[in-house]
Amino acid sequence: MFRGLLKKDFLLVKTYLWVWLAAIILLYAAGSVFASYKGEFYLVFPFFILLYMGHMVLLPIAACILLKAEEKGQYWLHGTAGGKKLLSSKLISAFLVMIASLILTNLLMAFSLFISRSSGFSIIEQGKFPFIEGLLLKGLMLNGGIVIGALYFTIWGLFLWALYHSLNQYPMLKKIRWIIIAAAYFITNTIIGRMTTWDVVQSFFNQWTIRFSPSASNTIMFEGFGFTLSDGAIQVWPVLLSIIGLLLLFMAAGWLLDRKVEV
Amino acid sequence: MIELHHVTKEYGKRKSLDNVTFTFEKGKVYGILGPNGSGKSTMMKIMAGLVYPSKGDVTIAGKKADRKTASNLAFLASEGMLYPGFKIEQMIHYYHSQYSDFSIEKAEELLTFMELDRHQKVSQLSKGQQGRLKLLLVLSRQTDVLLLDEPFIGLDPMVRDTIVQGLVSFIDFGEQTVIIATHEITEIEPILEDAIILESGRITAHCNVEQIREEQGLSILEWLKSNFKKGELV
Amino acid sequence: MMSAQFKTSKPIYSQIADKIVQQFVRGELIPGEKLPSVREMAIQAGVNPNTIQRTYGELERLGVVETKRGQGTFMTEEIDMKRKLRSDIQREIIALFIENMRSIGLEDREIHESVQSFLNGGESGHD
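Protein chains in written order, with the numbering used here: chain V, 1 to 263; chain W, 1 to 234; chain B, 1 to 127.
Simulated from the structure, these hints should not be mistaken for lab results. For clarity, every value in this text was computed on a predicted model and none was experimentally measured. Check the hints yourself; a few may be wrong.
Capping the alpha-carbon separation at 30 Å, the derived lysine-lysine pairs in DSS-like fashion look like this [what the hints assert, rightly or not]: (1) V:Lys85 / W:Lys121; (2) V:Lys260 / W:Lys55; (3) V:Lys84 / W:Lys68; (4) W:Lys225 / B:Lys7; (5) W:Lys87 / V:Lys14; (6) B:Lys68 / W:Lys28; (7) V:Lys84 / W:Lys55.
Kindly produce the complete structure, drawing on both the sequences and the hints.
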């Protein structure tokens with residue numbers, strides 16, 4: 001049954017995936033040809049930064065397309081698969097889309113780095129693009145960060161989508177549904193954001209850290225996620241709590257879908 | 001078989017179903033008749049477990065109706081059953097994967113009967129072909145209950161006849177409880193045993209189709225009209 | 001094709017029974033001929049099989065058909081049945097005709113005359 005769901009969801013998103021991958025290749029080809037014609041091939045790198053960032057929204061968009069396909073009549077709920085199963089299938093299918101796109105992007109990136117090196121550009125020595133030193137680790141960190149960020153947005157998205165449709169049966173609230181779901185998101189995140197600045201919380205977080213890269217000196221903050229990566233050390237509690245939080249959110253979305261979302 | 005016990009469904013102040021109590025007996029073919037907005041669709045969705053009652057309860061073979069009800073109930077919905085990008089055969093495989101009682105052999109038979117081409121995409125099908133495909137998808141299942149919500153909507157009379165014949169050929173009369181909600185009665189009248197009139201969320205009349213002909217000399221359509229006239233006078 | 005053929009004033013089961021009787025009288029169905037199964041007949045007529053069940057039951061009661069266990073339903077082989085049915089139908093048609101003629105105010109004598117002149121190839125009118 002679950003395989004059937006996955007297959008259906010993949011079929012629903014398939015065309016979008018091919019179009020998207022083709023668009024990346026075309027854009028890259030056109031951009032890189034133009035840039036090297038101008039003799040400034042390094043201009044492709046800002047394009048990559050944009051593209052990598054774009055993956056954060058790619059997952060929620062793919063999930064959104066998949067949910068949109070079911071909105072008419074919500075007939076997908078007429079089955080023996082529960083809400084969690086239905087949503088897992090959506091999430092996994094959307095995830096595959098993002099991974100496929102990420103792999104392609106990584107390949108193009110590696111290719112570009114190879115080209116720019118062999119054509120004698122000294123990007124490496126300038127150290128302007130830190131991808132080159134410890135390429136694998138950085139690449140992994142970048143990819144991992146993007147995946148985590150994208151998952152965060154998507155699971156929130158799934159929950160808010162389920163909430164939005166649950167409000168359908170209350171005509172009083174129907175008109176202000178958008179406000180309610182926006183409020184649900186921002187209030188929750190403001191509270192969590194506030195709490196993470198408290199000294200008590202911070203000292204609690206600092207009790208358990210893992211160092212993994214002594215040389216790294218950059219700090220990555222995931223807004224609202226309360227996730228700090230500084231001086232090559234990572235706080236374990238926020239990560240753990242975030243994972244639990246997202247899981248709860250996902251379960252809540254499944255529950256809403258089973259009990260509250262109506263046609 | 002299916003029992004509705006003081007079922008009310010409210011959407012804010014508007015009552016889509018208003019204190020409905022009724023028992024559908026096993027193996028009979030029922031028609032739920034009534035104009036648009038009379039609550040037919042809500043009643044069907046409540047029995048299919050897609051909508052939950054605000055008050056009262058619905059049981060199917062003794063079990064409370066919910067999403068799991070689908071395991072023994074096939075539901076032809078008026079919308080949302082088909083994915084436009086899918087080929088007919090992909091739709092069949094998807095339904096096969098979701099319902100363990102879905103019979104591929106029956107689907108093959110129905111493909112021939114309904115004159116559908118398995119390689120065609122849903123988006124390329126005419127309204128009539130889509131209606132036939134939807135019927136194929138529910139009739140290929142072996143369930144105790146079959147709910148058809150407006151199976152004739154948007155179909156021309158020729159196609160309706162095919163659908164009626166499909167129903168007669170593939171329904172397991174006497175075993176399956178079949179409930180057909182429609183406002184286009186003429187075509188299905190000969191296959192109905194009982195008819196129910198739903199008006200602003202309430203059941204206002206219930207009859208045996210052949211009895212109405214015998215005793216009052218009326219077709220169900222005429223009976224329906226006479227009932228509405230009475231209602232207007234009151 | 002299907003539903004349109006049924007009149008509203010009569011139960012569907014008896015309308016189908018009438019049709020079978022007519023086909024028998026006209027010789028389209030011969031004595032001893034096997035009728036379609038309930039299911040087949042239901043599909044042909046586009047009606048609920050229970051209706052056909054009732055039709056066959058009614059015809060059996062009238063002695064028009066015979067159900068042989070495990071074999072199906074057959075037209076009767078009784079020699080007089082066809083004649084009897086034909087005269088039944090005849091009587092029914094005449095009764096309806098006479099009733100209609102009387103309802104427009106004709107005397108029995110006038111009815112007789114108009115039938116006579118109609119059969120003689122003239123117009124039925126007698127003004």
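Which numbered hints fail: Structure breaks no hint.
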